[in-house]
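Protein sequences, first through last, are from chains A and B. Residues 17 to 377, numbered by our numbering, are exactly what the first sequence covers, in order. Residues 713 to 1097, numbered by our numbering, are exactly what the second sequence covers, in order.
FYI, nobody ran anything at the bench for these hints, they're computed from the structure. The C-beta atom is built at its ideal place from N, Cα and C for all residues, glycine as well. A hint or two may mislead.
Unchecked claim - Reference listing, derived: stretches of chain A covered by chain B, where coverage requires no fewer than 3 residues with Cβ under 8 Å from a Cβ of chain B: (1) 80-86; (2) 101-109.
Said to hold, decoys possible - Some chain A residues well away from chain B (every beta-carbon gap over 10 Å; in silico): (3) Asp-197; (4) Ala-207; (5) Asp-350.
As the list claims (entries may be wrong) - Here are the simulated distance ranges between beta carbons: (6) A:Gly-138 - B:Asp-832: 55 to 65 Å; (7) A:Leu-156 - B:Gln-986: 58 to 68 Å; (8) B:Asp-933 - A:Asp-245: 34 to 44 Å; (9) B:Phe-957 - A:Met-215: 32 to 42 Å; (10) A:Glu-309 - B:Ala-756: 23 to 33 Å; (11) B:His-1062 - A:Asp-245: 43 to 53 Å; (12) A:Asp-352 - B:Asp-733: 49 to 59 Å; (13) B:Gly-1071 - A:Gly-266: 53 to 63 Å.
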Amino acid sequence: MSTTGSTRRDVAVVAYSQTPFVPKAADHNEVELVMPAVHDVLERTGLDSQRIGFTVSGSNDYLMGQPFSFVSALDGVGAWPPIEESHVEMDGAWALYEAWVRLQHGDIDTALVYAFGKSSSGDLGRVLSLQLEPYTTQPLWPEPDHLAAIQARLCLEGGVVTHEQMAEVAARSNTNGFHNDAVATSTAMTAAEVAGQAMAFDPLRPSDIGPVADGAAAIVLAAGDTARDLSDRPAWISGIAHRIESHAIGTRDLTTSASTRLAAQAAGVGDPASIELAELYAPYSHQEVLLAEAIGLRASADINPSGGALAAHPLMVAGLARIGEAAERITNGDADRAVAHATAGPCLQQNLVAVLEGTAR
Amino acid sequence: MTVRTAVVGVGQTKYSSGRTDKSIPGLVREAAQRALTDAQCDWADIDAVVIGKAPDMFEGITQPELYLADALGAVGKPMMRVHTAGSVGGSTAIVAAGLVRSGVHRRVLTVAWEKQSESDAMFALAIRIPFSPPLVAGAGGYFAPHIRSYIHQSGAPDHIGIKVAVKDRLNALKNPYAHLHLTDIDEEMVRESPMLWDPIRYLETCPSSDGACAMVLAAEDVADATDSPAAWIHGTSMRSEPTMFAGRNQVLPQAGIDCAKDVYAQAGVTDPRQDLDAAEVYVPFSWFEPMWMENLGFCAEHEGWKMTDSGATALDGDMPINPSGGVLSSNPIGASGMIRFAEAAQQVRHRAGDFQVDGARRTLGHAYGGGSQFFAMWVVGADKP
Chain A
17 MSTTGSTRRD
27 VAVVAYSQTP
37 FVPKAADHNE
47 VELVMPAVHD
57 VLERTGLDSQ
67 RIGFTVSGSN
77 DYLMGQPFSF
87 VSALDGVGAW
97 PPIEESHVEM
107 DGAWALYEAW
117 VRLQHGDIDT
127 ALVYAFGKSS
137 SGDLGRVLSL
147 QLEPYTTQPL
157 WPEPDHLAAI
167 QARLCLEGGV
177 VTHEQMAEVA
187 ARSNTNGFHN
197 DAVATSTAMT
207 AAEVAGQAMA
217 FDPLRPSDIG
227 PVADGAAAIV
237 LAAGDTARDL
247 SDRPAWISGI
257 AHRIESHAIG
267 TRDLTTSAST
277 RLAAQAAGVG
287 DPASIELAEL
297 YAPYSHQEVL
307 LAEAIGLRAS
317 ADINPSGGAL
327 AAHPLMVAGL
337 ARIGEAAERI
347 TNGDADRAVA
357 HATAGPCLQQ
367 NLVAVLEGTA
377 R
Chain B
713 MTVRTAVVGV
723 GQTKYSSGRT
733 DKSIPGLVRE
743 AAQRALTDAQ
753 CDWADIDAVV
763 IGKAPDMFEG
773 ITQPELYLAD
783 ALGAVGKPMM
793 RVHTAGSVGG
803 STAIVAAGLV
813 RSGVHRRVLT
823 VAWEKQSESD
833 AMFALAIRIP
843 FSPPLVAGAG
853 GYFAPHIRSY
863 IHQSGAPDHI
873 GIKVAVKDRL
883 NALKNPYAHL
893 HLTDIDEEMV
903 RESPMLWDPI
913 RYLETCPSSD
923 GACAMVLAAE
933 DVADATDSPA
943 AWIHGTSMRS
953 EPTMFAGRNQ
963 VLPQAGIDCA
973 KDVYAQAGVT
983 DPRQDLDAAE
993 VYVPFSWFEP
1003 MWMENLGFCA
1013 EHEGWKMTDS
1023 GATALDGDMP
1033 INPSGGVLSS
1043 NPIGASGMIR
1053 FAEAAQQVRH
1063 RAGDFQVDGA
1073 RRTLGHAYGG
1083 GSQFFAMWVV
1093 GADKP
């Protein structure tokens, strides 16, 4: 299906920046949300938009209720003289994937990736129900929380996940998020406190559900020696792959994540013992357990030290943020090998896995 | 280093104002299946799927590609969704080509679509956001001032837009997939049609169409192993600039000039009018033909209308533009750019049927979007690059 890794060009994350993830960025439009992240990440690398080989972003018109919402975001990037630029109607993690592919061509050495989303503009549950099959499913208005609750119920009844695991995941994520200065949507809590919460969507308690957040994030990718020039310790992307599953959740085994497993294999996760750290885009606590199992993470792996999507869930941004958070910990020297994951669609329909390393191959 | 890449399969639906016989998945699958058949391959041979369409608000489904994964055989595979405004069909083809050129995949299916009969494009394009200028009555209201400015600057006579409208509809009569088959089209009919957004008359604007277009892109070894003719990709380029700023030339946008220069340099094209045998250019309003002739470097500034007037852009002219009938004859918005790229490929594959340009060896596919600010282009050839 793919060519061997040996022909690949080494590409690394050399800088990451994000806005604070807040419950409601009421006085900012999307352009104002994304500008600080873009300008900060460029400042960190000393690059400007004219020295970036390729620019690509991820966003969703439905969050702002505006067609072409990415068009005005481009104004914030400073696309003059004209730049080589593209956009995916997907989480920014897939924009990063497109940039990684573009860098493989060899004619450019840098790429700017950004993502933004202002979910607070509308009712996100209602908005995302418009993602579903439109002729027979969507008219029932199933929201992501409802579908995730069905998935969690199947996982609990199938013995794949326990209530205790879910409470532990929710408590750890929220506590990590509380200690993350860039996250303004979580508080420190214990597993016992989570278990004591009244059900939101049985069997999901409020802290089992990632709080909707507004925000933006940006990453600069660079290849080879350019990456070494721009960062003392680039986070090399040793592999990146994504896969999708059926949209008909009734036909899927919801107690596992088959597409994550395929993506992890294709990305070359390899020996699970080598993965010290993982940033997983799990907006529901039971999904973290499914993802860790599908990737093959060991119990000792540090999962979502940033707090992850259970601490703050900025739609379209959360996946790119996972890559950025994992990359920062490689660059800091906290880890030598990490996994970053992103998801999209109901009940983990589509998944992306990236492997980040402190040393180039 | 990039892998030589070719279009080895093209599939289109019949375009019409209402494909009520097909659901959205049925529509995209019709195009995709035809592309696979043309490429002499099956669903299992496809490594990845890249989908493009214009704003989700048209059909009222957000990120509809998630739901189309099944219909397009993407389950268990990588799938991406591109959205770059009107240029999206072209950008989608370029992203898909990039997956092969980079060596990541060997055979990629790319599909672009729109189902305007389940849409309300005018509504979706006219949504008023607080503190933002409204677009005013869809795309025609936005672009009419650009056209007036062009006419003012170039001194072009009124009949130029009419001539383009007739020429493209005559070409469409040779294209079985085209939406509009206006058998009695002539200049008088266009002139007498209602003025919508002065100077754009009803018959000088594009229709609202349902439809999908698909291509199979393959690496050199795969293309060499099939009997299906190949359109080799000689160059691809995308350029973007901001919508509004003081001094911006909206009639002759710099991003379009830069994009054309880039793709010509990659393809070794030094004199585009001489070196290219035909072009499929995104012309949603008739007057954009002369405007884009200048932007693409086929002639000097303010001279584009003379190309149209002289018949140079007709099917039997020296620089045939939109032999397929173009956007003026079929406009499933999100697919319209990909149709340009696909029809450019069909010309060099000698698969263009009754609108084949004799001996076409190298052609251009062009798409633009937003406020004339997003550009996507490719040059394809019968010979390997």
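How the hints compare with the structure:
Taking a C-beta to C-beta cut-off of 8 Å, the stretch 80-86 of chain A contributes 6 residues in contact with chain B, enough for the three needed, and the coverage statement holds. Requiring three or more residues with a Cβ within less than 8 Å of a Cβ of chain B, the coverage given for the stretch 101-109 of chain A holds, as 6 such residues are present. A cut-off of 10 Å between C-beta atoms confirms that Asp-197 (chain A) is not in contact with chain B; the least separation is 30 Å. Its beta-carbon lying about 33 Å from the closest one in chain B, Ala-207 (chain A) satisfies the requirement of being farther than 10 Å from that chain.
The Cβ of Asp-350 (chain A) sits about 30 Å from the closest Cβ of chain B, beyond the 10 Å cut-off, so the non-interface label holds. Between Gly-138 (chain A) and Asp-832 (chain B) the C-beta distance comes to about 19 Å, which lies outside the given range of 55 to 65 Å. Restraint check, Leu-156 (chain A) to Gln-986 (chain B): a C-beta distance of roughly 60 Å satisfies the suggested window 58 to 68 Å. Between Asp-933 (chain B) and Asp-245 (chain A) the C-beta distance comes to about 36 Å, which sits within the given range of 34 to 44 Å.
Against the hinted window of 32 to 42 Å, the Cβ-Cβ separation of Phe-957 (chain B) and Met-215 (chain A) comes to about 53 Å, which falls outside the hint. As the Cβ distance of Glu-309 (chain A) to Ala-756 (chain B) is approximately 28 Å, the hint placing it in 23 to 33 Å holds. Checking the proposed 43 to 53 Å range against His-1062 (chain B) and Asp-245 (chain A) shows it holds: the Cβ atoms sit about 49 Å from each other. Here the CB-CB span from Asp-352 (chain A) to Asp-733 (chain B) is close to 57 Å, well matched to the stated 49 to 59 Å.
Take Gly-1071 (chain B) and Gly-266 (chain A): their Cβ atoms lie about 54 Å apart, and the range 53 to 63 Å holds.
Taken one by one, the earlier hints fail for this structure at numbers 6 and 9, listed in ascending order.
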